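Trainee: Residue strings, one per chain:
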Amino acid sequence: MTLSGAALLQANSSRKWLGSGRPLLSFKEKWALFFLMPFATMFVAFVSYPILYALFLATDRSAYTRVIADPIYARTLWNTFLFIVIGVMLKMLLALGLSSFFVLPGRAIRIIAALFILPWAVPHIPSILSIRWMLNSEWGMINNLLFQMFGIDGPAWLTNPSFGMASIITVHIWKYLPFWTMILVAARLGIPKELYESARIDGAGSMQQFRYVTFPAIANVFLTSTMLTTIWSLGDFNSIYLLTGGGPMERTNTLATMGIRYAFRHADFQAGIVTLMSALPILVPLVIVLTRRLRRNADA
Amino acid sequence: MRRFRAWLAVAALVATTSAVAAADLTIWWTKGTNPQEDDALKGVVALWEKQTGKTAEVSFYTTGDTEAKVVTALKAGSPPDLTFDFGYDLAYTPTWAYDGLLADMSDVLEPIADQFQKGPLQSAYLLNGKTNKRAYYAVPWVQMTPHVHYWKDLLEKAGYTEADVPKQWQPFFDFWCEKVQPALRAKGDRIYGVGQGSSTSSNDPFFNIHLALNAFGAQVVNPDGQLQISDPEVRKRVIAALDSYAKPILSKCSPPDAVNWNGVDDNVSFLNKKNVVVMNPTLSIPLSLQAKSPDVYRNEIRTVPWPDGPDGKPTPAMISVKQVLVFRDSPHIDNAKSFLKLLLQPENIGPMLKATGGRWMPVMPKLIEDPFYTQTDDPHRAAMVRQFTQVQNVPYPQAYNRLYAKVMQEQLWQKAIGRIVIDGWTTDKAVDELSERMKVLLGS
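Line by line, the protein sequences are chains A and B.
All residue numbers for the first sequence refer to our numbering, where the first residue is 1 and numbers rise by one.
All residue numbers for the second sequence refer to our numbering, where the first residue is 1 and numbers rise by one.
Just so you know, these hints were derived from the structure itself, not from any lab.
Please note: incorrect hints may appear among the correct ones.
Claimed, not checked - One-sided excerpt, in silico: chain A residues whose CB lies under 10 Å from chain B: (1) Ser137; (2) Glu138; (3) Gln148; (4) Pro155; (5) Gly245; (6) Gly247; (7) Pro248.
Stated by the list, open to error - Listed next, the stretches of chain B that the computed footprint assigns to chain A, with coverage defined by at least 3 CB atoms under 8 Å from CB atoms of chain A: (8) 69-77; (9) 194-205; (10) 267-274.
This structure is a prediction, so every number in the text was calculated from the model and none was measured.
Every residue gets a Cβ at the ideal spot worked out from N, C-alpha and C, and that includes glycine.
Excised from the complex, chain B in its bound form (with noise of 0.2 Å):
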């Protein structure tokens, strides 16, 4: 059985497990948004093979493309040495941890332990249900949390200035879709509103509804793990959030294909100037820009902070930490955690995020303290740091219950969405079924 698996892996991944044969050590990581980020890992890939003498193979896949092969390689019984993708804190690292598929990385963070934040850690610090003990099963590397981006040129073509942009959660969504969309079709662009993704074939959509459920305080999972999703003022909030998500795309102020989209299909439309504003974790859309259209990126694009939520208070930023995966099954577990160690000293990494023109925000104080981060007059990696600064930083539910993992990986809030603006159903019959399919998963 075991031996048949592993064919079926090979049949699924002809040409990554040839890789895995001949390599001392093998990589699959999520792709990035611009060739620096590649190139940054594989500069620390090349200096660890120059220390080590060793060799190393990596493998770049599209965001979700790695979850899935992952997926399918685990198993089969062959995953890669190290792999990266943005879904796994929140979709994947809790629950196999709990199974016992992560291999054990306290030798690698617990002599560095003090040198990272202490939320991002503790992100990490996981229940393994096989040993009933907590252990460093994943190493946190980066943050994340969604941003707000709009074309300023498109703003003023509208006839608008930056200074008629209302700072209120729904008075800003409806600016784009009443006022800026309408005018900019008057002029005869086929321009959408707001850049609103949906589908469950991305990521992006989850990001984004949570944030909409915290702006107006829908907290499904509270701190002790409950889900609270039935309590009737909770219920009452995530209805108002999911009617205020879905009213660009019920009142076609949002790009159709927008409940179709893959991971990097809101950057594409929004860099096309298809749609005024996007909401998109990391800083991918404007840096995709940095190097070929600087003019563009410093005067044209603009990353705000979220409206203020329905009750006048900063709508809280929602950090998810991502992170580096080794498997149990791993075949050069040491390998990966010596290229690990290699890869979180601050002398690496930080010009390794640097690189990526800081599109993420670093999980060490030493490297935040960095006046790249600090004292920089880039608009929008200084507005990215006053996300993380300036208001609320709030996890994912995943960190209160592990089981909410499932919740994401089945995409109930995006099928919640879907009942809402295909299918035609109420919000309250929509969060009736997500309600129930949310106990089940939570057990609760």
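Just chain A, same shape as in the assembly (with noise of 0.2 Å):
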């Protein structure tokens, strides 16, 4: 027999405020509260407390002057919005573009999409440290070939701060684009075939059929991977750090090496905190779409 949900309540209610003389809990919910101490514990040491201790850190008001006194925190600003802006665009973009190749048929597309992967599936440090390398303008391979093949320097991919913000956005879609794509495919495969069967036998070319089949049907997954990727791509350190270290002279900076920055470099964790609380006008109104869309998206 199954109880309803408000005769479970009513059960319940009697059994606390009745005094039946049974336990407050059964032998089941004890034995899962036991199982779930230590997930508490450990959210509540490792997620709840940071988290406050970093938003008793931010009422700091000296931090915010300080940081927003650093001439640094105006170029920091603008540099986050151009990897957030282009960096997102371009690479969700790409994505959505380069899934409507993965989802052909045929084996040399299966080789090609493991070749395409790679990237996203090898670690960070060696992958961006090779690039890092690769972009040296003294001795990277770029600019020694342009000498070779031009007796021209090439430009200094990381150490002018334009190149070096190009070569940062460049590098973060390299490096997460295969795992956009490969989400769009994914959601692509999900579209039954015969909506597209009765669009063609309706007269619909390739480009309705994207417009009125492919794009509606996957326009959820698409909008909620945008969300998630530019909450990602607000805490992505690894891209810059590994690559221009935010220099030339903190040139190339984000919110997330910039706090980094003043918390473990001049031990300043107020002002790193204040540095990294500033994505709180992008991330907070994204996390609550992103949170009512997925609701809406499991109700439905």
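Once you've looked at the hints, go ahead and assemble the two chains, each given alone in its own frame, into the complex.
Mentor: Okay, structure coming up:
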């Protein structure tokens, strides 16, 4: 026999309030609580407490003055904006386009897909460091080839601030594009083939099929992925730190690297937290929208 | 709160703090440029362990990393027992002493004070703002000054001889940029004339920029500790010095990555023959070749005096006295003092400095009088000794005003060079920004 939610609630409340003589928690509930305790302890120790402490540090008003007065801060905000807007937008549009290719049938496509996913699959540090060496303007492969072929020095890929940011964004896209492409490929493979057959019978061309069948079917996944990657990109420390270290002369920092720089280079944890908090106006609305969207999807 | 801070330190420094708990003495030391340097310290540590029956844990970090780790550990209230880094005397020691963070080392130094040179000893006699008294809050153990090196074989490949190298400041730097670099490139070698760093992630540019400032007679802090960068004459000289420093970078005579070089990148670039001339503190560059390429060490790399200043006078040697620090909160202060007493005995520190190949100049006259320094036929060591003994020795401005340490912490001079070479500012405008920030930091 199963009890409805209301009946279960009533049974529990009568057990609590009417003094039935039964223990407050059943044997099974006690075991459940026992197994829950390690997770709850870890959550409090490593999630709740650090977050609360970070919020406490962020109440230091002088830290805001220090951060805002730092000439690097305005540049950092601009870099973060560029990194997020260009990096995320380009990455997701490319992922959308490439997913059209990777849903095609054939062994060759599967082999290309396996190669394509490699940048995402290999560990961050060696892959980004190898690119750093390749782009090194003194003895990197690219500039050496340019000198040998054309007798020119080639650009300062990582030590000119504009080229540096462009390199960072490019590497970020290179690194994470395969993952999001495969997410969209998976979403596309879930679209019933009958929908395309009907569209073709109705005379729809490729673009119309994409516009009226494909995109509406994967729109939720695409938007959710875009929001997720925006949140993750805001915290992307590796791509910047491993490639330029925030240099030259702090010109390619984003909020993530600048926050770490304050906290661990200058031992100014308050300024570090305040810097990272600067991302909240973007982060909080995104999380709210994302949560609502996921809940709506679950309800549907 | 304290407990959480300690936890933060544990999270950041897991490996080292586990050692802290286990050992009777924890040492965080800056890694040498060759294994012999590290081995020399390990030798003294082993001797201390043998004599005391206690255990010591030595952790080596790269330049800059030691500073960053100590700064973080201090904040967390868990510093090591003893530490050394190149930047302490310039960026931190005076401030930490004033803030009462350093342990008093008077009982280590006073009994042997007569064994030290006066200047290096005075560099450690610092004011504690909490007690309003001076005491020895650091232990001086070596001194250094920036040197100039060049590749003789590359100079000859470019079609010039050593006699062709100008002795005056601007002609010297222009020679490498306007004659040697084009000549090498015409032969198909992608080599830069002057390896001149300017990044904010290395202390080397701070040393070299100050040497240039001195060559131009730009004394931004006078011996009374007064900031005088706004004095029209000083300002004019500062601008001239920065113009000179930025010139090789702007004229693409310096490797483009030099604006983002870390501490050892100048060594690496020069040793890979990517530039012909380099300026670098200590003799770390030639010494890294001494054992494996003795012929290159003796015959291909040259260590030469700095070119004369624009006024025709010899450029003063800027001396930085390197210090070992112990903190008030260090867990084993007595053990740290006992180790330092052992380290500073001439029979220990003398061989230890020799083992480094003479990279540093000792701070004890008895050691300097050793034939190893005075009667050497080693071209690089002899050049170093000449630099210490034959030209005027001047300290960095921190010696006159402890607040100047903040100028180094914020790397203001490198940022000014960045304004000129990256943002395209005029030198006047960059100096204006620099002056304003310096006035705030020095409270004048």
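Trainee: Mind taking a look at whether chain A covers the segment 69-77 of chain B? Criterion is 3 or more residues with CB to CB distance under 8 Å.
Mentor: With 4 residues closer than 8 Å to chain A, the segment 69-77 of chain B meets the three-residue bar; holds.
Trainee: Do three or more residues of the segment 194-205 of chain B come closer than 8 Å to chain A, measuring C-beta to C-beta?
Mentor: Holds: 4 residues of the segment 194-205 of chain B have a Cβ under 8 Å from chain A.
Trainee: How about Gly247 (chain A): closest beta carbon in chain B under 10 Å, or not?
Mentor: Check passed: Cβ of Gly247 (chain A) comes within 4 Å of chain B, closer than 10 Å.
Trainee: With a cut-off of 10 Å on the beta carbons, see whether Glu138 (chain A) makes it to chain B.
Mentor: Given a least distance of 5 Å, the restraint on Glu138 (chain A) holds.
Trainee: Regarding the hint that Gly245 (chain A) lies at the interface with chain B, is the smallest CB-CB distance below 10 Å?
Mentor: holds, 6 Å
Trainee: Hint Ser137 (chain A) vs chain B: min CB-CB distance below 10 Å?
Mentor: holds, 4 Å
Trainee: Grab the minimum C-beta distance from Gln148 (chain A) to chain B and call the hint holds if it beats 10 Å, violated otherwise.
Mentor: holds, 8 Å
Trainee: When I compare C-beta atoms, does the segment 267-274 of chain B have three or more residues closer than 8 Å to chain A?
Mentor: holds (count 3)
Trainee: Hey, does the Pro155 (chain A) contact hint survive, CB to chain B under 10 Å?
Mentor: Holds. Min distance 8 Å.
Trainee: Mind checking the CB of Pro248 (chain A) against every CB in chain B and telling me if the closest is under 10 Å?
Mentor: With Cβ-Cβ at 4 Å, under 10 Å, it holds.
In this structure, every one of the numbered hints holds.
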